[in-house]
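Peer 1: Chains as they are written, first to last, in our numbering: chain A, 62 to 505; chain B, 9 to 356; chain C, 5 to 475.
Mixed in with the good hints there might be a few duds.
Said to hold, decoys possible - Some chain A residues judged to face chain B by a derived CB distance under 7 angstroms, without partners named:
1. 272
2. 456
3. 460
To be clear, the hints were calculated from the coordinates, so they are not data collected in a lab.
Model, not experiment: these values are computed from the prediction.
We put the CB at the ideal spot given by N, CA and C, even for glycine.
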Amino acid sequence: MGATSSTGPTSPSQPSFVRSAMTADRSPPVPTSGPLAWLRDNLFPGPMSAVATILGLLFLLWVIPPLARFLFLDAIWSADNGDACRAPEAGACWAYVRQKFGFFMYGSYPREDVWRVNLTLVAGAVLTLWMLWPDARGRGGAALAFFTVYPVLAFGILTGSPPFPIGWLPSSPEGQIAWMVLIVALFATASTLFYLNRYTGWAIAIFGFIAWSELGSWWSSLELPLVGTHLWGGIFVSLLVATVGIVFSLPLGIALALGRRSQMPVLRFLSVMLIEFVRGVPLITVLVMANTMLPLFVPDSWSPDRLLRPLIGVALFSAVYMAEVVRGGLQSVPKGQYEGAMSLGLSWWQMTRLVVLPQALVTVIPGIVNSFIALFKDTTLVAIVGIFDFLKAVDTGRLDPVWAGPKISTTGYVFAAIFYFIFCFGMSRYSMMMERRHSAGRSR
Amino acid sequence: MRTSILSNAIAGAVCALMLSAPGAFAQGQPAKSPTLDKIQKAGTLNCGVNPGLAGFSMPDDKGLWLGIDVDLCRAVAAAIFNDPTKVKFIPMTAKDRFTALQTGEIDILARNGTWTMQRETELGLLFTATNYYDGQGFMVRKKLNVTSALELSQASICVQQGTTTELNLADFFRANNMKYEVIAFATSNEAVKAYDSGRCDAFTTDASGLYAERVKLANANDHVVLSEIISKEPLGPAVRQGDDIWFNIVKWAHFAMVNAEELGVNKGNADEQAKSIKPDVRRLLGVENEFGKFLGLSNDWAMRIIKHVGNYGESFERNIGAGSRLRIDRGVNKLWNKGGIMYAPPIR
Amino acid sequence: MSDATSSRPPPRDARPVEWRALAIQIAIALAILWLGWQAIGNVAENMRARNIPSNFDFLSATAGFDLNQSLIAYSATSTYGRAFLVGLLNTLAVAAIGIFFATIIGFAVGVARLSQNWMAAKLATIYVEVIRNTPLLLQLFFWYTAVLAPLPGPRQSISLPALGLRMPDPQAGMAAITAFALASFVLLSVRNQIKGSAIKAAGYAISALFMILMIVAILFGPRVAGFGNAVGILDIRDGAYVFLNNRGLFLPFPSLGEAAIWLPAIILASAIGATGFSFWAKSQREEKGRILPVFWISMLILIVPAALTIWAAGSSVTIDYPQLRGFNLAGGVRVYPEFFALVLGLSLYTASFIAEIVRAGILSVAKGQSEAALALGLRRPTILKLVIIPQAMRVVIPPLTNQYLNLTKNSSLAVFIGFPDLVQIFVGTVLNQTGAMIQIISITMAVYLVISLLTSLAMNFYNNKMALSER
C-alpha cells in the first residue's frame, strides 16, 4: 500500500482510478483561538446572530452615552441648594443626595442619637455575615444570637426603653413597646428552644429570661432618651422592615410548613387556609388591612404601634412564601430518613429537629435567599401606609422647596435603585454560591 | 376603661375638695379632660400631620417638622408643657387619618383637613377652628393661554385621590356640563410629577398647595394659578368628640395666636407686653384673671404659646408667607381688621 | 405465656399519641375560636364606636368621582358598585395583557441567555439581573417617567404617517385586505407541502411583495401623491390619523354599525372552529403522520369570516378618526400612558423571572435529547420548538403559574402611577369616601383570591395535559 502510493503519478502502469494530480493545498485551518476567532464564534457565527449582535451594539450605543452624561459628566456633585440642579443642561444632582443623606439614612431619628442606629446596623451586619459565611466557626451561635439576643438588644438600643415588659400596662404609652417586647420575648424563647435540645434550651431560656430582667433594670440606669417609632425612617427603616420580616418569617414559615405536612387535620387545615389565603392576595391589601383593620380587632387601648402594623403584615406575608419554600425542602427529604429516625425511637419533635429540618433547610437555602430578596424589594410598599421607608424618604426629600426640581426625583430614584441593586444582587450571588457548594457536595 | 372611671372618680373627689376651697369661681370649677390627663401623664402630645406638604408640615434635613399645622401642635404643647418640642408628629395618610383620631392614637389631627359637615356628624370629629382659609384652584401652563377654569373643557387634570379635591373636581365639571379626563394618584407628589411631565393640562388642589407646588416645578414662571376658586376649603385641626375641654384647649390655642397678632404681641415683645396696661393684652398673657385654669392649664398658657411659637402672623410668614420660599400672599387669611376673614373671639 | 405478656410493660400503641394529637387539635381549635370570637366582638364594638358602616348599602350610593379609563360606561353619577366593576375589569385587562407580553418576552430572554451569541447572552443576563434586583415600584416610577418624558403635548402630537392610511370605501378595502390575507396565508401554508421550487418561490415572492407594499405605504405613503390610488385600495392623503403624545396613543377605530351584532358571534364561532381544527390536526399527526400548517390555517379561520362579515355589512362600517378637540384628541381608540407604563413595567419585571424559569427548564432537558434531534437532521429552531420546549414545559409550568399570579397581584401597584385598577378605585377612593373598610378590604381580597384560584385551576389543567403520561 505504502509502496504503491509513493510511486510517481506519471507512472504509466498506474491504474486509471488513482488520482493523477496532487490535490491543491488546503488553506490553513481557521484559528480556533485569539480575539478574531472569539469574535467569529461568539458574535458572528451566522447571519441571524450577526444581526442580533449589531442590534445589541446599536442598543448599547443608544443607551450608554446619555446615561454616562447624566450620571457622571453633567452631574452636579456639590451645591448648597437646588439652583444649579435646576439648569436644563444639568445631569444627576448628587449634591442633593449628599445634603439629604442623613434624612435618607435615618429619617427623623434624632441626629445626636444616630450612633444607636449605626451600632445596631453594624452589629446586625456582623452577625449576618458571620452566620452566612460558609466556613466560619460558630455559625450556629451567630444564628442563635441573631434570632434571640439581637432582636432584644436592638429593640432596647433603638427605642431607648428597657427591653423588658414587666410593669407596664398595655394602655400606657409604653404599652406599644410592651406589645413589641412581648412578641420578641415569646419569639426569642421559641427560637432558643428550637435551636438547642430540649433541656439545654429550657435552661438557657430561663437563664436568659432572668438575665434579661436584670438587664431591664440596668438598662433603665443607662437613661437612653426614648425615640418613638414615629421618628424612624429612611434606609434604616427599610433594613428594619426587611430584617424583622426575615427574622420572623423563617421560623413562622417553618412552623407553617410543618403544620401543612402535619398528621393533625385541624392543624393542617389551618395552615393551608392561612398560606393559601395570604398567598392569594397582593401585599398592598395585606398592608392596608394590617393598618386599618388590625386596630379594630383589638380593644381600643391595645391598638398596635403604627410601625408594628406593617411589620406584622410583612412578617405574615413573607412567612407564607417561606412556608412554601420550606415545604419544598421537606418534600425533598427521602422517606428513608423519616423511617430511619423513627426506627431509632426518636419522637416527632426530635426527628424533625435533628434529622429532617437540617437536611430540608440546606436544600432550600437558595429558595430562602430568593424569598429574602423578594421581601427586601417589597419593603418599598410600606410607604402606602405612611411609613417613611427609604423610597418614601427619597420622595419626601423631593418636596423640599430648596432643592425641588425635575432632576431631583430622578437622582433620588437612581440612588435608590443602586442601593437596592447592591443588596439584592449580593444576596442572589450568595444564594448561587451556596447552590454550587451544595450541588458539589451532592455530586461527590 | 376601668382606670379612666377610677381616675374620673378621683378627679371628681379632688374637684369637690377644690369647690369648697375659698377663692374658687362660683360658676364652676376646672373640669377634667381625659385627653389632657393622658397627655400630661405621657409627657408628649400626639399630633397627626401630613407626611409632606411644604408650608403645612414637612420634615427638614434633620427630620425636624416645620409648617403652620406643625406650629399649631407645638403651640398646644407649649401651652401644656411650656415646651414646644414635646410633640410626637405622626405622619398620616389621607386614608387612616380619621380612624387614628377616633382610636385615640393621635390627640390632634392637624393635617390640612377640610372642615365638612359629614366629618363632624358622621365621623364624630370636631374641627376646632380654621387656621387656613383655602379653596380649590387649578394650575395650568401659561402657554395654554387659559384664563378661566371654565375654559378647561376636554382637559386632562391630575389630582390626588381620596380627598374632597377629587369630588369637588367632579362636581365642578358636572355643574358646568363640561367633559374632562381625571388622572388620580395615591399622593399629591405623584400627581404633580405627572403634571410636570405634561401628562395633564391642569393640576388641581387647594390654592395654598398650588403655590407650594409651583415653586418646585422646573420653571415656576411657566405656570399660572387660575383665579377661580371652585370650593370652600376651611382647613383646620380636628379633635374627637366627647372631650369638650380638650376641644377648647386646641381651639383657644389657635385663637390666642390670632388675638396676639391682633394685639401686636409677638415672640420678641411678649415679656415686655406683659407689663402693658391694655386690659386685652393683660388678659391674653394671663396677667389678669384666670383663663388658663378653666382649660386645665396654667395661667400663662397663651404667654407660653407666643414665646415659643409666636403669633399667627409670625407662624404664617415663617412657613408659607414672605419669609418662606413659598411666598404665598396672605389674602383672605389676613386679620379681619386688615381686610381678611381671620377672626378670633376675644379672650375675656 | 400470658404471664410473660402481662409482666411486660404495655406496648406503646398508637392510642395515647392519638389522644394527645386530638387534645392538641382541640386546644388549637378552641384557641382560634376564642381569638376569633374576641376579635369579632372587638370589631363590632370598635365599629360602633367609630361610626363605621357595617352593611353593603354603600355599593348602591352615588360615587361622585370620575375615572379616566373604563371598559364600561361610567360617570360621576354612577354607583360605587359600578366603580368596583370598572376597577375589576381594568385589573383583569392589565393582568391578561401583561401575562401575554411577559410570557413572550420571558421565553425570548430565557432562550437568549442560553444563546451561542455572546452579545445576546450577556445583554439578556444584564437585563435579568438588573430587573430582578430592583424593586418593582421603582421600575414603575421609571417607566412612567420614561414613557412620558420624550412625548410631546397633544398639540405637537407625533403623527405617525405610518398609518396615515384612510379607507374611503371600507367595503372594497376589507375585500382587498381579505383577498391579500387569503393569498398570502394560502401560499405560506402550502409552501412546505409543495415540492416544486418554482411554485414555492412564487409564494415567497408574492408574500414578500405584499410586505414590501405595506412597508412602503407605511413609510412613504403620505409623501407620494396618488400612491394610494395607484394601489387602488387605500386612499392616502396628507395628514395623519394615528397620533402619539403624552396623553396616549390614538388610533382610528371602526364603528361597525350593523356588523356589530354579528361580529362577536362570528369571531366566537371562528375561535371554536380554529380550536377544533387544531385538535383534528393533532389527531391527524399522531395517527397518520400528516403534519399540517396548524398556525396559518387557524389564523385563516379566525380572520377571513370576520373580514367577510365586515365586508358584507358594507357601508354601515365607518371609521372613527381621532381629532384634536380643545386640549385633547377625541375619537378613535386610545391607549393611555398609565396603562402602557403599567403593562410595560409588569411585563418586563415578570419576564425576567420567567426567563430564569425557562432557562432552568431548558437546562433540565437532557443534552442527549437535542443531540439525538441533531442526529436526526432537525434544524436548531425546530429542535427548540418540537423537542426541547415541550419537555421543558413540564418543569416550567408550576413556577410559571406562580409568576402569572404574582403579575396579577403586582398590578395593584397601579395606584402609584394613577391607573384606576381595583385597588386604586376601591381600596383608595371608595374606602376613603365611605369608610366601609371591612367590607371593602374583604371584597378586594376575595376578588384576588378568586382570580388566583381560577388561574391555578386553569394552569393545573394545562399542566396535567402536558405532564409525562407514565406508562
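Peer 1: Give a verdict on every hint.
Peer 2: Results for each hint:
no.	hint	verdict
1	272	violated, 30 angstroms
2	456	holds, 6 angstroms
3	460	holds, 5 angstroms
Of the numbered hints listed earlier, the single one contradicted by the structure is hint 1.
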